[in-house]
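A.B. asks: Each chain, written out:
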Amino acid sequence: MVEGLDRPFWRALRGRLERELSQDEIVIRAQENQPVVGRLEPSSLSIVCSVITLETEEAMGFFTKDIKTLDDLFVHTLRDIYYAEQQIAKNLPDMIEKATDRSLKNGFETHLAETKGQIVRLEKVFKMHGVEAKGVDCPAIDGILKEASEVAGDVDDKSVLDAALIAAAQAVEHYEITRYGTLIAWANQLGRSDCASVLQQNLDEEKATDSKLNTMALKKVNQKAA
Amino acid sequence: MSAPSHLVQILVPKETGNGTPVSKEWFDSFLKELTEKFGGATSFVRAPG
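Protein sequences appear in the order of chains A and B.
Each residue of the first sequence is one higher than the one before, starting from 1 at the first, in the numbering used here.
Each residue of the second sequence is one higher than the one before, starting from 227 at the first, in the numbering used here.
Since the hints were made in silico from the structure, they are not lab data.
Just so you know, even glycine gets a beta-carbon here, dropped at the ideal spot from N, CA and C.
Hints may contain errors.
Claimed, not checked - Pulled a few chain B residues facing chain A out of the computed Cβ check, cut under 8 angstroms:
no.	residue
1	Leu233
2	Val234
3	Gln235
4	Ile236
5	Leu237
6	Pro239
7	Gly243
8	Asn244
9	Thr246
10	Val248
11	Ser249
12	Ser255
Unchecked claim - Below, a list of computed lysine-lysine pairs in the DSBU-like style, where the Cα atoms sit at most 30 angstroms apart:
no.	chain 1	residue 1	chain 2	residue 2
13	A	Lys220	A	Lys124
14	B	Lys263	A	Lys68
15	A	Lys146	B	Lys263
To be verified - For each label pair, taking beta carbons as the anchor points, the in silico distance ranges come out as:
no.	chain 1	residue 1	chain 2	residue 2	range
16	A	Thr182	B	Glu241	17 to 25 angstroms
17	B	Lys258	A	Asn214	33 to 41 angstroms
18	A	Leu218	B	Glu241	56 to 64 angstroms
19	A	Ser149	B	Lys263	53 to 61 angstroms
20	A	Asn188	B	Gly266	54 to 62 angstroms
21	B	Lys263	A	Thr182	24 to 32 angstroms
22	A	Ile177	B	Thr268	44 to 52 angstroms
23	A	Ser149	B	Thr261	37 to 45 angstroms
24	B	Glu241	A	Ala133	33 to 41 angstroms
25	A	Gln170	B	Lys263	24 to 32 angstroms
26	B	Glu241	A	Arg29	31 to 39 angstroms
27	B	Thr261	A	Leu190	23 to 31 angstroms
28	A	Gln201	B	Lys250	21 to 29 angstroms
29	A	Asp154	B	Lys250	47 to 55 angstroms
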C-alpha cells in the first residue's frame, strides 16, 4: 500500500509506460484502504503496489490498439520491412563468407550493396510520408534468418552448403517480395503513388535477385550438390 | 493523523502496442524499480478480482 497518493508521480509513470510499451493508454488505479479494526501504525503500513498482467483476449481489449487505419497499417508494415532489411544487411556478410561458389559469393555481395540502397529508399519513403523512420520487431524475418543459420551450421559439404544458402536467400527474397507487394498496393490505395514508385524499385530488385538465385541453383549449384 | 493508505494497481499489457511481447526482463526490471521505491510490489498474472 502506498501512503497518500502522489498524483504527479503516478501520472508521470503512466506517461512513461505508455511510451515504453507503445500504448495509447495504460490503466493505473488506486483505492483507499480502510482498516477493518483498529488503527494501523505507520510502521505496519507495508507499501505494496500490485502489478497485474492480463492474460485473456478480453482483458487485452482494455488497451487501445495502435493500428486503427490502413494508413497506420501501412506505416507499421513499412517499419516491419525496414527492420527486416536491416537484419538482412547484418546477416549477408556471414552468408558471403560461407558461400563457396564464386558467382554465389558475388551475387550475395551485390545484394548486400542493394540492400543498403533499399534501406536508404525506405528512409526516403518514411520522410515522404511524414513519419519517423524506425523499425518494429519482425519475428518472421528473425525466424527465417535463424533457421538459415541453423541449417547452414548443420551442413558439412561445401556444395550442399551453397544449395542451402541459396534456398535460405530465396526464402528471404520471397518474404520481402510479399511485403513490398502489399506496401505498394496500400500506398496506391492511400493515394501515395509517389511512395509506391520508390517501393517498386525495391520490389524490382528483390525479384531480380530471386530470379538470379533461381538460375544459379538450377543451372549449377544444385547439380554440384547432388 | 497520517494520510490514508492506498492500494495501487498498474495494469500492464502482455504485448506492446506494436504487438511485441512485453519481455520478462522489462517486467522484472519494472517490478524491481517499484519494489525499491515502495519497499514491496506484488504481481498477478491474472486480475485478482
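A.B. asks: Enumerate the violated hints, using their earlier numbering and listing them in ascending order.
C.D. replies: 11, 12, 13, 14, 15, 17, 18, 19, 21, 24, 25, 26, 27, 28 and 29
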